[in-house]
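The residues making up each chain are set out below.
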Amino acid sequence: MDIKVTGHWKEFNLTVALNLPQDCAFVGLSGPSGAGKSTLMRCLAGLSERATVAGGWQQTIIGEGRTGLVFQDSLLFSHLSVKGNLDLAMEYAAKTRFTLDDVTRGCHCQHLLARMPHTLSGGEAQRVAIARAILNSPDMLLLDEPVSALDNSLKHEVLKYLSALAEKGMKIVMVSHDLHDIALYCDAMAWLENGCISSQGEVEQVLATLADTVASYEGQFSVLKGEVVNHLPAQNCYQIRVGEQVVYARKPVIQKNRATLTVDARDVSLDREHALASSIVNSLPCHIEAIHCSEDKKAMVTLRCNDVQLFAVISTLSLERLGFEVGEPVTARFKLR
Amino acid sequence: MSDDITAIMLTLKLACITSIILLIIATPLAWKLARWQHKAKHYVLAVVALPLILPPTVLGFYLLLLFSPQNAVGQIWQDFTGQQLAFSFSGLVLGSVVYSLPFAVQPLYASFVQLDGRYLDVATTLGMSKWSRFRRIVIPSCKPAFMVALGLTFAHTIGEFGVVLMIGGNIPGETQVLSIALFEHVEALEYEQAHALAFGMLVFSFMMMALLYRFNRGGGTSWTLK
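Protein chains in written order, with the numbering used here: chain A, 8 to 344; chain B, 92 to 317.
Calculated directly from the structure, the hints in this document are not laboratory data.
There could be a bad hint or two in this list.
[Claimed, not checked] Computed, partial: chain B to chain A, Cβ under 10 Å:
no. : residue
1   : Y210
2   : T216
3   : L217
[Stated by the list, open to error] Below, simulated EDC-like cross-link-like pairs (lysine to aspartate or glutamate); rule was C-alpha separation at most 20 Å, straight line:
no. : chain 1 : residue 1 : chain 2 : residue 2
4   : B       : K221      : A       : D108
5   : B       : K221      : A       : D278
6   : A       : K175      : A       : D109
7   : B       : K123      : A       : E56
8   : A       : K167      : A       : D108
9   : A       : K304      : A       : E327
10  : A       : K305      : A       : E332
11  : A       : K167      : A       : D30
12  : A       : K175      : A       : E164
13  : A       : K342      : A       : E302
14  : A       : K232      : A       : D274
15  : A       : K305      : A       : E327
16  : B       : K221      : A       : E98
17  : B       : K221      : A       : E71
18  : A       : K162      : A       : D194
All of these numbers come straight from a predicted model, not from anything done at the bench.
C-beta: ideal position from N, C-alpha, C; glycine also.
Generate coordinates for the entire structure from the input sequences, incorporating the hints supplied.
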């Protein structure tokens with residue numbers, strides 16, 4: 008992906024150069040409010056006359072193929088039923104790549120077809136809007152916070168479906184404030200600030216550069232990836248090999264036997280006992296790479312376990328009592344979730 | 092009585108033709124005005140709205156001057172059709188179109204302004220052409236406004252008097268519309284016939300407005316897209 012976007016408005020300038028590996032198919036875009044994410048999406052969709060967009064992504068030259076855009080608000084045509092909205096999208100599709108059944112099933116909106124848009128909840132309307140964009144068979148699909156109104160379980164179902172579409176070759180850019188979603192489903196991400204990309208690349212790398220800029224230590228998390236070793240249905244969890252360690256997780260995102268899970272920094276505890284009989288299932292022997300303290304008396308401890316980076320938020324009281332220091336070996340523990 | 096029926100038929104014919112012509116003219120005009128951003132926009136809106144506040148006789152007087160064979164417009168018309176524009180049915184139609192223009196433009200303009208432009212952006216990303224967007228999205232979304240514009244134009248044309256009197260005069264079967272026939276009955280002290288026409292107008296106007304308010308109230312699909 009090699010795309011350049013420049014645009015100038017009265018009080019806002021956008022100068023974006025997206026340089027990500029060509030094989031990335033599902034790209035996450037995040038950043039603080041007002042950074043220009045929605046404006047960038049409009050530019051990529053060719054809806055802004057003031058912007059210059061150039062470049063390409065895989066075989067698609069930006070501005071030549073069909074680009075679908077799902078806005079934050081669902082914007083379903085209120086004079087048409089849900090089916091009417093979807094049929095309209097199919098009627099104007101440049102090519103037919105999807106069937107109504109498959110897409111409505113993937114977006115969990117097959118039971119809504121006869122409804123009128125004003126009777127739908129926010130989450131239902133969002134699912135229909137995503138389905139409408141997909142049924143139009145775009146070469147590139149832009150999603151501006153597409154799952155913000157969905158409950159957790161449906162959100163993951165829809166994101167899994169989008170991820171599967173990306174696997175099959177659809178190029179997707181998704182704006183999200185939820186970095187967990189980006190970490191779990193996207194191949195790469197970019198962080199936009201004041202109309203410029205401040206960081207881009209593999210999700211873990213970008214998240215690491217954001218450790219200090221993420222709003223609070225509470226929101227910090229680590230991404231663990233590994234091969235699924237075993238499914239333990241009796242315990243309702245998966246056994247995953249992460250580096251040389253094995254961790255357990257209830258609902259990791261699994262694609263082609265590779266699992267991805269996120270671990271919130273506030274869920275990680277630290278101790279010096281490596282062979283502690285604890286009810287906490289996951290324990291990783293690490294060493295402390297860095298310690299940062301915040302004004303509200305919290306300490307962010309960056310840990311490393313071979314190739315795996317982990318974050319833990321502990322109180323400065325614990326830090327002083329235990330006297331942790333950089334370079335020290337510790338055990339990081341987090342509950343099975 | 093037969094003159095009254097002729098006047099009623101002529102009035103309905105005038106109102107139908109005026110409404111259709113105005114819908115054809117007002118739709119692109121209102122659409123352009125709704126999307127147009129320019130310092131001169133206020134002046135153009137004011138010109139379109141002028142017939143709302145101008146005494147009909149003022150408008151009628153200038154139209155009469157414009158339609159006269161001494162004027163270029165009247166001259167060109169006469170050269171092409173062989174008939175003069177003033178005191179003719181064609182002149183009445185033209186006058187009515189000018190007189191009722193704001194009644195067609197205003198509801199459409201308001202509806203087009205309220206229409207969230209992002210719906211059209213969605214339609215663009217779906218690959219719809221300009222015309223398709225207008226036909227498939229704008230017209231159905233603003234349907235109540237079209238109905239109101241049509242209804243108001245029709246009702247307003249039926250009720251016009253001053254302009255018609257100035258540019259059409261009182262020629263039965265050609266320019267004598269209902270309101271003028273009524274006026275003539277009153278002048279001749281034929282109150283019974285005048286009452287029949289006046290009461291008929293009253294009932295018709297009430298029904299027309301009730302119908303328009305019903306449309307305006309909306310329901311599941313109201314004036315604007317949600």
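Verification of the hints:
no.	hint	verdict
1	Y210	6 Å, holds
2	T216	5 Å, holds
3	L217	5 Å, holds
4	B:K221 / A:D108	30 Å, violated
5	B:K221 / A:D278	65 Å, violated
6	A:K175 / A:D109	14 Å, holds
7	B:K123 / A:E56	18 Å, holds
8	A:K167 / A:D108	17 Å, holds
9	A:K304 / A:E327	11 Å, holds
10	A:K305 / A:E332	15 Å, holds
11	A:K167 / A:D30	19 Å, holds
12	A:K175 / A:E164	17 Å, holds
13	A:K342 / A:E302	27 Å, violated
14	A:K232 / A:D274	18 Å, holds
15	A:K305 / A:E327	11 Å, holds
16	B:K221 / A:E98	16 Å, holds
17	B:K221 / A:E71	18 Å, holds
18	A:K162 / A:D194	18 Å, holds
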